[in-house]
Amino acid sequence: DRTIADLRVREKALLARKARFAQEAESYRGQNVPPDLAEDQRNVDGEIAAQRSIIEAKLRERESLRLRFEEDRRRYLELTAPASRPR
4 DRTIADLRVR EKALLARKAR FAQEAESYRG QNVPPDLAED QRNVDGEIAA QRSIIEAKLR
64 ERESLRLRFE EDRRRYLELT APASRPR
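In the working numbering, the protein residues as written are 4 to 90.
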């Protein structure tokens, strides 16, 4: 959970950078955006996509572990339950 929270903090920082770049690009309306700024925008978009991909992978991994734990717990309870006695 902490890892996912850290990743989300990083994602928010990247989104803030993207907004700053967009605001800066807006000042060049009607003109060509400087190549450095255009490259920065592409780079931050790629970083955001990568960050989201990592977050999704971590969430899938967490869900997989939860399901495996539930199955292991169910099996443990099944094996340790008192056997029913025939009458």
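Treat the hints with care, as some may be off.
Stated by the list, open to error - Distance ranges between label pairs, derived from CB positions:
| # | residue 1 | residue 2 | range |
| --- | --- | --- | --- |
| 1 | Asp39 | Asp75 | 45 to 55 Å |
| 2 | Arg63 | Ala86 | 18 to 28 Å |
| 3 | Ala16 | Leu40 | 11 to 21 Å |
| 4 | Asp9 | Asn46 | 54 to 64 Å |
| 5 | Lys15 | Leu82 | 16 to 26 Å |
| 6 | Leu18 | Ala60 | 12 to 22 Å |
| 7 | Tyr31 | Asp4 | 13 to 23 Å |
| 8 | Phe72 | Arg13 | 40 to 50 Å |
| 9 | Asn46 | Asp75 | 49 to 59 Å |
| 10 | Arg55 | Ser30 | 48 to 58 Å |
No wet-lab data here; the hints were simulated from the structure.
All values reported here derive from a predicted model rather than from experimental measurement.
Beta carbons: idealized from backbone N, C-alpha and C, even for Gly.
Hints, verified against the model:
1. Asp39 <-> Asp75: 45 to 55 Å: At roughly 53 Å between Cβ atoms, Asp75 and Asp39 fall inside 45 to 55 Å, so the hint holds.
2. Arg63 <-> Ala86: 18 to 28 Å: Taking Cβ atoms as reference, Arg63 and Ala86 lie about 38 Å apart, which means the hint is violated.
3. Ala16 <-> Leu40: 11 to 21 Å: holds, 18 Å
4. Asp9 <-> Asn46: 54 to 64 Å: violated, 21 Å
5. Lys15 <-> Leu82: 16 to 26 Å: violated, 46 Å
6. Leu18 <-> Ala60: 12 to 22 Å: 19 Å Cβ-Cβ, so the 12 to 22 Å window holds.
7. Tyr31 <-> Asp4: 13 to 23 Å: Violated - the Cβ-Cβ distance for Tyr31 and Asp4, about 42 Å, lies outside 13 to 23 Å.
8. Phe72 <-> Arg13: 40 to 50 Å: Violated, at about 28 Å.
9. Asn46 <-> Asp75: 49 to 59 Å: Hint violated: Cβ distance 43 Å, outside 49 to 59 Å.
10. Arg55 <-> Ser30: 48 to 58 Å: violated, 28 Å
Hint compliance for this structure: hints 2, 4, 5, 7, 8, 9, 10 are not met, and every other hint is.
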